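Chemist: Spelled out from the first residue to the last, the chains are:
There are 2 protein chains.
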Amino acid sequence: MILLYDHPLSGNCYKIRLLFSLLGLEYESKSLAVTGDRDGDRGEAFRAKTAIGKIPTVRLQDGRHLSESGAILWYFAEGTPYLPDDRFARAQVVQWMSFEQNNHEPNLAAARQWMSIDPDLHPSAEQIESWRLAGSRALDVMERHLSAHDFFVGDRCSIADIALYPHTEMAETGPFELGPLPATRAWLQRMRSLPGYVSIDA
Amino acid sequence: MILLYDHPLSGNCYKIRLLFSLLGLEYESKSLAVTGDRDGDRGEAFRAKTAIGKIPTVRLQDGRHLSESGAILWYFAEGTPYLPDDRFARAQVVQWMSFEQNNHEPNLAAARQWMSIDPDLHPSAEQIESWRLAGSRALDVMERHLSAHDFFVGDRCSIADIALYPHTEMAETGPFELGPLPATRAWLQRMRSLPGYVSIDA
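So the protein sequences, as listed, match chains E and G.
Residue numbering for the first sequence follows numbering that gives the first Met the number 0, starting at 0 and increasing by one per position.
Residue numbering for the second sequence follows numbering that gives the first Met the number 0, starting at 0 and increasing by one per position.
In short, the hints are calculated from the structure, not lab data.
Hints are not guaranteed to be accurate.
Here are the computed distance ranges between Cβ atoms for each label pair [claimed, not checked]:
#	chain 1	residue 1	chain 2	residue 2	range
1	E	Pro118	G	Asp61	47 to 57 Å
2	G	Glu43	E	Ala133	16 to 26 Å
3	E	Asp154	G	Ile127	41 to 51 Å
4	G	Pro118	E	Ala133	47 to 57 Å
Okay, the calculated bits of chain E under chain G, using three or more residues with CB under 8 Å as the criterion [claimed, not checked]:
#	region
5	25-32
6	42-52
7	56-70
8	155-168
The model shown is predicted, which means the values in this text are computed figures rather than measured ones.
Glycine residues also receive a C-beta, built at the ideal position from the N, C-alpha and C atoms.
Excised from the complex, chain E in its bound form (with noise of 0.2 Å):
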């Protein structure tokens, strides 16, 4: 059976998650803290299955363990509809992924972890302002692209679009607003509208 190292508030989890409940993938699910010192059970025992040593992590059939939620989803999503077989397609896939990964989560999640998550953590008023300033512009990105297409790469939905829609879907747990973007919330309307979609309280 496929193992889940994850935890309920994560939103690169949830990713997991979304994609094996799409997919219809029976796994089992272990949940580990969501930050992490190098203690506990994200320590040495841990980081010895992991040189990356994040969740979600997942150990497969066969033994071996992969990281990073984007890795996790194109090792899934090979061979189904969620990731589309054209080379170009492909790349672009990758493109919004590394745009997710770099310009998105850290920005998004960051400030819900500060506003809903972890209520000891005190980041300074630039920090803040830093994290709001370039999450907008992460998703002023994504409305643009959304006013012109209904999924991020392609005409159905791909792990481009599994991706970005949880921290996307969580946004106003921290500094920002949906209402002024129409297009991305008609997306997160056709994301939920996916048979077997599940929510991140599920």
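Assemble the complex: chain E is given as a structure, and chain G must be docked to it using the hints.
Modeler: Same frame as chain E, now just chain G:
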């Protein structure tokens, strides 16, 4: 002819120049502003070509555009030894490229930009310490992996190595030290020994 929207000092653009040189691929280059407000040559005309509006961006021979260094590397490495065929190995390439975009580049590139490129940036002491700490953790993850492996995926150079190379090679232009990282220094030397290697200022 392939056109690369480029900047001589950008580590992300250098990844593409390095792969193109390793592959012996001919291309034209057009230098744009390295960081972008929305004016000048990073403005609306450029953003009409690429939703994401960042460099590197390439214009393919058929006129289509692709942004994000990881996506461009993926597209041009497909079918070459720089992107393995095996499903798990390909997911491992995505894993290290995600790590690079999420944990490595944001800290190492930002710190380098402040110390070596743009003297008008005045980040707070808290911001600098945050880059230094998180960037050092990323370098430690690499050192741990490279202590047991010659390259990041499999036994030869892939685009995972090419993605991680530039900002590691330039780490000491920011607040990082490579002295305590012997496996990383040996890997940098292996990268510099590849036939077709070019430096960032070649």
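Chemist: None of the hints should be skipped; say for each whether it holds.
Modeler: Results for each hint:
no., hint, in the structure
1, Pro118/E - Asp61/G: 47 to 57 Å, "holds, 52 Å"
2, Glu43/G - Ala133/E: 16 to 26 Å, "holds, 20 Å"
3, Asp154/E - Ile127/G: 41 to 51 Å, "holds, 45 Å"
4, Pro118/G - Ala133/E: 47 to 57 Å, "violated, 22 Å"
5, 25-32, "violated (count 0)"
6, 42-52, "holds (count 4)"
7, 56-70, "holds (count 8)"
8, 155-168, "violated (count 0)"
The structure is inconsistent with the numbered hints 4, 5 and 8, although it conforms to all the rest.
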